[in-house]
Amino acid sequence: MERSYSAKEEEGLELVKTVFSWTIKDVLNDNLCKDKVQKIPQRFLSTTAYFNSFIPSLIEETHSALSSSLKGVSRAPFCEISSVERSITPTKNFLCYQISVKRTDIDVNGKYEPEAGDLIAFTDIKPKTVDDLDRPKREYHIGYVHAIKESIGKISILTSKSFNMYNAPRLYALKGDNAPKLYAFHLLNLTTNVRIWKALNSQLEGASISMIRKVLPAADSNKGENCQLCFSGENHSVACSSVQNVILSQNLNESQKDAVLSCVTSKECHHNDTIKLIWGPPGTGKTKTVASLLFSLLKLKTRTLACAPTNCAVLEAAARLQNLVKESLEHDTYGFGDIVVFGNKSRMKLDGYLGLHDVFLDYRVDNLFKCSGWKHSLESMIKLLEDPKEQYGLCMREEESGIMSLEEFAKQKNSQEKTDNALTIEHFLKKKYTSIEEQYLLYKDEKKKSIKIQGQFFMQRFCSNREELEVYMRTLHKNLPTSLIPCEEIKKMYEALDLLRSLKTSLHKAKLKQTSNDCEDENSLLDYYGSLSIEKEECLLRLRSLSRTISLPNISDKYEIAKFCLMNARLIFCTAASSTKLFAEGMTRIEFLVIDEAAQLKECESTIPLQLPGVHHVILIGDERQLPAVVKSQASEEAGYGRSLFERLVSLGYKKHLLNVQYRMQPSISFFPNNEFYEGQLSDAPFVREVSYNRRFLEGKMYASYSFINIAKGKEHKPDRGYGWKNMAEAAAVSKIIERLENEFLSTGKKVSIGVISPYNAQVYEIQERIKQLNLVSDPNFSVSVRSVDGFQGGEEDIIIISTVRSNGNANISFIFNRQRANVALTRARHCLWILGNENALSSSDSIWKNLVLDAKERECFHEADDDKKLSKAVEEVLLVELLNESETPFKKLSIGGTSQTTGTTFRGSFRGRPRMPRW
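Numbered by my numbering, the letters in the sequence shown go through residues 1137 to 2056 in order.
Hints should not be assumed to be uniformly reliable.
Claimed, not checked - Below, a list of computed lysine to aspartate or glutamate pairs in the EDC-like style, where the Cα atoms sit at most 20 Å apart:
#1 K1519 to E1631
#2 K1285 to E1221
#3 K1849 to E2000
Calculated directly from the structure, the hints in this document are not laboratory data.
Working from the sequences, and respecting the hints, build out all of it.
Here it is in structure tokens:
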């Protein structure tokens, strides 16, 4: 019987109800919600005002995302629905259905499997345009995937319309060749937005707003400083000494050490909630600092939640922390049970982080679920070692009761040897034989068989139990939190396993000796086992201790096992939005909240973990001078919806702990961004200043560590289908440089990674297509990655080539004017940074790019593309093609995908796909 939805669940789906209320005309109306969006202030008078300030932008952002998805519905992944049935689950605002999909249905975009939170559009055709979703007698109809019921192969969806009215008379049975088709097209996933909605509407179970109050006016006199009462004089030294040894072991520089120490010692303050900011500019070891901070909190047995905006950021932090933990473990993987990473397994892509399977919640639940027989297996081994003959007798009595015959046991345990039905001595004595002599001979024969069977029984039961126990022990010591399995018991586990292996070896040798001698006497394997009294007692001593001290909770439900793991973990990793899972009745309170990449997390999203009950200390790590969160709606962006809590607190004067040593960029590369974005506060690490770090990949000053290459003849174009601007001359230059780098690699064999960055999707696509035509060598030591600026946030390569694209005299460089975007692009390179651009276009605007061109000239890093003959030739060739295209008649332009009659150059005039990138 299906459960009914609680009032709380219905409240949480009010955003879905709003989405269902929009007609298709409403969704396509760009101005539907804009007039309600207002500027989000810096300070707030109350928690109500704080929460309410984000709601209009959240609705507008949802509307904008849905509008964009509908317009691209022809490219959306889809599946065919095989059955629809009305659910009896009562709801106030929705109609509920159970659907199942055809598992073999695969379209050109790949197989689509609906996930919880998906918003899907229903249609009986594959739409070519958005108009196909709203036709006569086929009204616009969408649904929300509420749950996936894998056990029965059903998907629970909520809708606002009946399927009856959608496709009369019924779509309940979609079977047979002539049955109507019904498709589900994926529009977007609403999970994160629904979770934000719940947080903003106080619908999170057991939520606390004490930390929310802390960030409202930011009037705290400390503003990120440690409490003066707890950290003055002697109190400060006591707090520091408790954590300093842990921190000192992690090889941090002074700025990293100070930041970690300041954050961790706030644990000693029990009367004041604290908020700390760690400022991590590019290459300053932010991830290492985060890992060291979390490692210190773990060592201090502090229950901590580590969040980040994306799954990728979560996994990076978790992987770095796990490596630190591995190095410190005394007993293999003992201690991993204190760490849990959770999230959507299919989206998190754990395969790139193989070690994280050991701490991922889904795998841990599966492993612990298989350990339900641990106690029984342990007790069985103890009883077998204590009195094997009694266990044999119990087995015989079970056989007599019809539970399991000895013959069945022998066949099951001894597949290599067939045995006849074994008769006990009691059975034998009940038999009547004609003579005493015959009776004695038969008795002797049956006794020998009985001894043999007893030995077989003991050996097979012992080996079977030992193998089970070894699997259980290894699973438990890796997956159970240390609070439930003390270190002393881990030692006993290893000792018990060693003793059991020793017993097995001794017994196996005795059995081989018996077999080889064709032993006729009555000395059995059990008699030999009895002689191993010292090993036996040592083993029993440890097994009994394990039985007393280690017990699993009596849980057979995987949901409850997951809750058990989360309740007992000391360090939990997840995205900020996924932290809603921790708002559960009986959940152990979190004391520390650490948010990595905090400057990329929308403030409204950070309100979810900030409301976790028990949180007294919040640490935000990020850099507000790099890219913020992606926002789709221009109205929401202008309202400040993408602003992070980190950025707002900085603007209000909160102290930041600056990580001031950069370990990535060769000094000539770091010079400009350090002075332009960080007021010269960063210093270069000693090893990046060494001569060996100044690597050269191509000959000539133009290809030194840092250079601006002026491509003055290029032209900017905006493709008919949008996607931003492109510059064919710059794309050709990039392609030629990469071709030369490949030739150099083939000649020298020196490993090199190359990143190509452009702020426009059209240029990214154009460069990708040109590089495909080069048919580059397939070698792990030579890699080329072409991405947008947004796609390179957090990344780094040996060589970075930037294509700025814009080439006009109107001082119009729009998108690349953004300082945060420029900062990211200019700080990804380790050894070489080559910037391709039009000097006049970039210098004619009062922007960072004007400063960059002037800086390059002052440092003699400015070069003309014409000075390199091969580069100049590549640019001239593409300019000639462009000129010929412009002179072609409209009729000839129709064949743009083919080969030019004049030049013989093959080129493309359309896109196969669109790289993912935010609006510009």
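Checking against the hints above, which ones are violated? none
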